[in-house]
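Those protein sequences? They're chains L and R, same order as listed.
The numbering of the first sequence is the UniProt record's numbering, which starts it at 1 and goes up by one.
The numbering of the second sequence is the UniProt record's numbering, which starts it at 1 and goes up by one.
Note that these hints are calculated values from the structure, not bench results.
There may be inaccurate statements among the hints.
Residues from chain R that face chain L, not an exhaustive set, calculated with beta carbons under 10 Å [unchecked claim]:
| hint | residue |
| --- | --- |
| 1 | V160 |
| 2 | S174 |
| 3 | K177 |
| 4 | L247 |
| 5 | M249 |
| 6 | P266 |
| 7 | G355 |
| 8 | W407 |
Cut-off 25 Å, straight-line C-alpha distance, at most; resulting in silico cross-link-like pairs (SDA-like, lysine to any residue) [claimed, not checked]:
| hint | chain 1 | residue 1 | chain 2 | residue 2 |
| --- | --- | --- | --- | --- |
| 9 | R | K102 | R | H68 |
| 10 | L | K424 | L | E191 |
| 11 | L | K424 | R | D415 |
| 12 | R | K283 | L | V86 |
Ideal Cβ placement from N, Cα and C applies to all residues, glycine included.
There are 2 protein chains.
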Amino acid sequence: MVVTDPDILGAYRQDRAFDPAAGTALALVRPTTTAQVSAVVRWAHEHRVPIVPRGAGTGLSGGSTAQHGALVLSTEKLRDISVDTVTRTAVVQPGLLNAEVKRAVAEHGLWYPPDPSSFEICSIGGNAATNAGGLCCVKYGVTTDYVLGMEVVLADGTAVRLGGPRLKDAAGLSLTKLFVGSEGTLGIITELTLRLLPAQPPQSTVVATFPTLTAATDAILAITGALRPSMLEFMDSVAINAVEDELRMGLDREAAGLLVARSDAPGEHAGYEADIMLAACEKAGATEAFRTDDEEEGEAFCAARRFAIPAVERKGPLLLEDVGVPLPRLGDLVNGIAEIARHRAVLISVIAHAGDGNTHPLIVHDPNNPDESERAHLAFGEIMDLAISLGGTITGEHGVGRLKKAWLPDQVGPDVMALTRTIKNALDPHGILNPGAVL
Amino acid sequence: MVVTDPDILGAYRQDRAFDPAAGTALALVRPTTTAQVSAVVRWAHEHRVPIVPRGAGTGLSGGSTAQHGALVLSTEKLRDISVDTVTRTAVVQPGLLNAEVKRAVAEHGLWYPPDPSSFEICSIGGNAATNAGGLCCVKYGVTTDYVLGMEVVLADGTAVRLGGPRLKDAAGLSLTKLFVGSEGTLGIITELTLRLLPAQPPQSTVVATFPTLTAATDAILAITGALRPSMLEFMDSVAINAVEDELRMGLDREAAGLLVARSDAPGEHAGYEADIMLAACEKAGATEAFRTDDEEEGEAFCAARRFAIPAVERKGPLLLEDVGVPLPRLGDLVNGIAEIARHRAVLISVIAHAGDGNTHPLIVHDPNNPDESERAHLAFGEIMDLAISLGGTITGEHGVGRLKKAWLPDQVGPDVMALTRTIKNALDPHGILNPGAVL
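Given only the sequences and the hints, what does the whole structure look like? Please build it.
Spelled out as structure tokens, the structure:
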């Protein structure tokens with residue numbers, strides 16, 4: 001269970017935030033049972049050794065960055081799942097990938113909605129630890145909306161069970177919800193009870209391109225004001241061209257923005273809703289807009305949107321932002337980001353889960369060019385400042401981790417930071433759980 | 001703002017749990033601003049005076065029972081609301097009734113789903129404090145699923161803002177969710193940001209009566225296994241007859257159980273789903289079952305179900321239970337309750353939000369008959385013991401309050417109790433917030 005081989009430790013030094021400040025862990029542990037997780041944490045608690053919990057290592061905010069002298073506790077070998085079709089719930093261990101959970105429940109005709117773009121490679125435990133989102137959240141909510149219960153190992157090694165397979169449970173404090181999104185700073189999740197839905201109906205898809213960013217954001221507000229799409233995604237000109245370079249789908253390279261909108265209303269109502277969205281795009285000034293009820297064609301456009309990050313990444317390493325704003329401020333955010341890109345002379349591509357106001361500005365930079373790298377990092381911070389000034393959040397779905405913690409006080413203020421620290425100190429008085437993350 | 005008139009204080013002694021152990025408060029305060037709430041709590045904190053927060057006083061677990069030497073802080077005068085149709089959110093103060101929130105947002109074509117049976121008389125602040133449920137939760141979830149943010153006054157009088165009108169926000173701990181359902185033990189909510197949905201489509205309604213409890217629970221499981229009804233309510237024979245005594249609707253007095261099931265799928269899909277539910281009822285052995293697409297007729301059956309509690313109450317004062325179980329155990333719970341009623345020789349009527357496994361056994365007793373009263377209270381506890389033994393909860397939606405706190409450790413265990421106390425002590429070190437509730 002305990003690994004100290006430097007080559008293997010090296011592979012666990014970083015997550016996908018590639019934090020240059022990553023340290024080298026004392027050891028890697030890969031427990032196979034909750035009892036082993038308890039034993040490790042109990043030992044670490046007694047010896048005051050910090051622990052960095054790690055799922056699949058796909059985090060984008062550095063929440064799993066290894067620290068000098070710490071244990072890395074990987075949940076990758078905790079991989080059980082059982083599905084209960086009557087209560088429509090699944091009990092899963094944290095090391096399963098999101099896609100594995102989706103596939104296992106689909107075999108029973110059920111659906112686990114949350115769908116981060118990384119769903120094929122990210123773990124369900126990491127999803128719960130960061131309260132991960134995705135593309136369907138605009139209609140179906142985020143991870144916390146699907147977590148009914150959990151088993152979690154506390155800082156002293158005690159394993160507790162919270163909640164359970166009950167759609168309603170008002171007994172005691174909402175502890176389950178507190179641990180979702182706590183990024184490994186309050187406990188280590190060893191099991192989750194997830195709420196499931198019946199299989200998603202077939203979707204109708206609308207694809208539209210726009211001559212200006214303003215036309216695109218107008219269409220977004222018109223759509224969300226009229227109905228709840230099952231997906232409403234945005235790519236800017238840079239992303240469109242980067243995707244087209246790779247996939248040759250015939251996307252309009254001249255467009256300032258592209259929307260992919262979907263409806264999963266039952267039967268022909270998906271088409272009705274798609275037509276409303278199509279009309280909204282046309283009214284907002286779309287240069288081209290069409291609807292398809294072909295699942296494969298619709299999925300191809302969603303895949304194109306999911307492929308935007310790797311496609312833009314071909315231009316150079318990315319600083320991946322995750323800021324969100326209340327929907328009416330989306331236009332201000334997108335235009336403000338363009339202004340920051342001009343001012344700092346860096347390439348920033350904006351893709352977005354537009355329907356819930358959650359954007360991913362992708363800042364391209366050459367880490368070997370110190371001047372450009374500095375400008376990119378300045379832009380990274382300025383985008384968070386901008387989101388905060390618009391009443392938004394520094395992170396919609398990736399978490400604070402280590403990369404964003406300097407901005408958290410600016411968003412939530414000193415009193416909420418004090419409250420956060422009070423809870424952290426009460427639950428982890430020796431600060432051994434993921435030190436340096438969030439706080 | 002401060003009231004010490006004994007007559008007025010008397011009216012604030014109890015909530016609808018009618019706890020005989022209610023005390024007489026030092027004074028009643030009815031602040032009109034958050035600043036006043038802060039001032040009161042700061043004063044109470046300095047002088048170590050306990051505070052019992054109170055919404056509309058409709059709580060059923062004694063969470064608002066006045067205590068000797070305490071201040072009762074009523075939120076009834078905090079009544080502002082503003083609706084944002086673009087982000088589809090409402091910012092509301094806690095003193096508004098649930099029905100007032102529903103009506104205000106309906107004027108904008110929007111819908112606030114959570115619908116406790118008491119929605120015309122319970123406050124939205126109390127709903128958040130108890131994580132209240134209702135009839136539509138089987139499809140639409142409970143209060144916490146609709147709370148995106150809040151302003152809350154902490155035990156030292158500091159007012160903090162948590163979350164906000166953002167569908168996704170992963171910045172920091174999930175503090176908003178921790179305060180929902182904390183029953184006034186961690187802070188006093190002075191404002192809520194609520195997520196809203198587009199107006200609910202018209203519903204199709206199925207009403208079915210069953211010769212046995214088993215037939216009824218078979219139908220419930222068949223329905224929830226096939227689709228997500230927008231409502232799935234149950235009344236037993238006692239409730240049917242009590243309602244029929246009052247309303248003369250022509251309900252089948254011979255039936256062992258009655259289900260009211262609804263679908264709000266768009267357009268004719270509501271009818272399709274209703275037909276699936278109708279067939280499930282017939283297959284499970286319904287003596288009579290019919291579907292109506294008439295909104296008024298459907299609403300009449302829902303109103304009958306909501307009227308069950310007052311109707312049964314005509315037989316005598318009630319001990320109102322709120323136990324829930326995972327759905328497959330619903331039959332065991334209902335049959336076990338009948339067994340407890342026989343053994344203790346008390347009348348217990350069971351009504352239920354059947355689709356989410358949340359039942360309300362109504363224990364009729366004469367408080368002036370000490371022997372019967374004792375048997376009723378024994379049954380009250382035995383029903384909770386039964387629910388716990390079936391993997392259930394002692395409270396699905398009413399909260400623990402003071403009436404159920406003796407059973408909370410049996411449900412969650414000593415480690416979760418210790419965790420709960422750690423958080424309580426950290427956030428309210430002098431124990432001034434709603435002492436004696438939950439813990």
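Status of the hints after comparison with the structure:
{"no.": "1", "hint": "V160", "verdict": "5 Å, holds"}
{"no.": "2", "hint": "S174", "verdict": "5 Å, holds"}
{"no.": "3", "hint": "K177", "verdict": "3 Å, holds"}
{"no.": "4", "hint": "L247", "verdict": "27 Å, violated"}
{"no.": "5", "hint": "M249", "verdict": "28 Å, violated"}
{"no.": "6", "hint": "P266", "verdict": "5 Å, holds"}
{"no.": "7", "hint": "G355", "verdict": "8 Å, holds"}
{"no.": "8", "hint": "W407", "verdict": "9 Å, holds"}
{"no.": "9", "hint": "K102/R / H68/R", "verdict": "36 Å, violated"}
{"no.": "10", "hint": "K424/L / E191/L", "verdict": "21 Å, holds"}
{"no.": "11", "hint": "K424/L / D415/R", "verdict": "18 Å, holds"}
{"no.": "12", "hint": "K283/R / V86/L", "verdict": "18 Å, holds"}
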